[in-house]
Amino acid sequence: MIKRTPLEYQPGSKHIYSDVDYMLLGFIVESVTGQPLDRYVEESIYRPLGLTHTVFNPLLKGFKPQQIAATELNGNTRDGVIHFPNIRTSTLWGQVHDEKAFYSMGGVSGHAGLFSNTGDIAVLMQTMLNGGGYGDVQLFSAETVKMFTTSSKEDATFGLGWRVNGNATMTPTFGTLASPQTYGHTGWTGTVTVIDPVNHMAIVMLSNKPHSPVADPQKNPNMFESGQLPIATYGWVVDQVYAALKQK
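Position 154 of the sequence shown, counted from 1, bears residue number 154 in UniProt numbering, the numbering being contiguous throughout.
Worth flagging that the hints you see were computed from the coordinates, not collected in a lab. Quick caveat, the model's predicted, so the values are computed rather than measured. Any given hint could be a false lead.
Using 27 angstroms as the maximum straight-line C-alpha spacing, the simulated DSSO-like pairs for lysine-lysine come out as follows [stated by the list, open to error]:
no., residue 1, residue 2
1, 219, 14
2, 153, 64
3, 219, 146
4, 14, 3
5, 100, 3
6, 100, 219
7, 100, 64
8, 153, 61
9, 209, 100
10, 14, 209
11, 14, 61
12, 209, 219
Could you put together the complete structure from these sequences and hints?
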């Protein structure tokens with residue numbers, strides 16, 4: 001199907017945010033390693049780092065719903081305006097919110113489905129700040145970190161997998177006080193990581209933004225009431241952290 005689809009632009013000349021590339025990347029990892037994606041990352045990355053709460057499909061791996069933040073109140077229906085066969089209609093709690101990952105990929109995908117907590121993510125962010133290692137574990141080199149977090153020539157806000165604080169369009173994510181070398185990523189359910197190698201600091205926020213009514217389902221089914229709060233603008237929160245640290 002991919003080969004039959006006409007190109008919209010020459011490869012390498014433009015950036016467009018997409019889930020498809022990471023879905024394909026997950027399949028590539030499985031093909032190269034001969035392991036399911038979830039088993040590979042848990043055994044080769046998360047376990048060596050001592051992470052205990054970073055898994056796909058947590059309800060199938062001993063976690064209880066009470067340990068996990070719930071997301072959308074009415075399944076994937078956006079408060080009743082979206083319908084398709086077998087759509088989830090009850091509160092999503094312990095299952096990946098993303099429709100593609102849940103309905104098509106069994107909750108395990110390169111683009112969605114991973115659950116974690118702030119402690120585990122702090123270790124992952126520190127691994128990046130350390131140049132690819134944590135404690136006695138070296139997962140990758142400092143050169144790899146640089147390659148993945150350097151701004152693209154085509155778009156200064158994109159690295160490889162990461163968004164980079166390359167210009168003012170990233171202020172809603174990184175705020176106004178983070179260094180230009182800061183990188184990170186947001187998540188649709190209300191999450192963000194901010195890693196600033198210049199200031200040697202990292203910030204992670206995990207919210208459950210879709211766990212509120214849709215503000216106007218007919219006008220915009222993807223805008224939840226909580227998404228209209230100041231905290232939903234991650235950069236505002238990030239600036240509060242930087243400002244508080246500068247006051248000390």
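Comparing the hints with the structure gives:
1. Between residue 219 and residue 14 the alpha-carbon distance is near 30 angstroms, which puts this suggested pair outside the 27 angstroms criterion.
2. Between residue 153 and residue 64, the direct Cα distance comes to roughly 45 angstroms. Violation of the 27 angstroms bound is thereby established for this hinted pair.
3. Distance hint between residue 219 and residue 146 is unfulfilled; the C-alpha atoms sit about 42 angstroms from each other, more than 27 angstroms.
4. As the CA atoms of residue 14 and residue 3 are separated by approximately 19 angstroms, the hinted pair is consistent with the 27 angstroms bound.
5. As the CA atoms of residue 100 and residue 3 are separated by approximately 21 angstroms, the hinted pair is consistent with the 27 angstroms bound.
6. A distance of roughly 23 angstroms separates the Cα atoms of residue 100 and residue 219; the hinted pair therefore holds under the 27 angstroms criterion.
7. Proposed proximity of residue 100 and residue 64 is supported: the alpha carbons are some 23 angstroms apart, at most 27 angstroms.
8. Using a Cα cut-off of 27 angstroms, the hinted pair residue 153 and residue 61 is violated, with the two alpha carbons roughly 42 angstroms apart.
9. Of the supplied pair hints, the one linking residue 209 and residue 100 holds, its CA atoms being roughly 19 angstroms apart against a limit of 27 angstroms.
10. Taking the CA atoms of residue 14 and residue 209, the gap is near 30 angstroms; set against the 27 angstroms cutoff, the hint is violated.
11. Restraint check: the Cα-Cα separation between residue 14 and residue 61 comes to about 40 angstroms, which exceeds 27 angstroms; the hinted pair is violated.
12. Pair hint residue 209 plus residue 219 holds up; C-alpha atoms about 18 angstroms apart against a cutoff of 27 angstroms.
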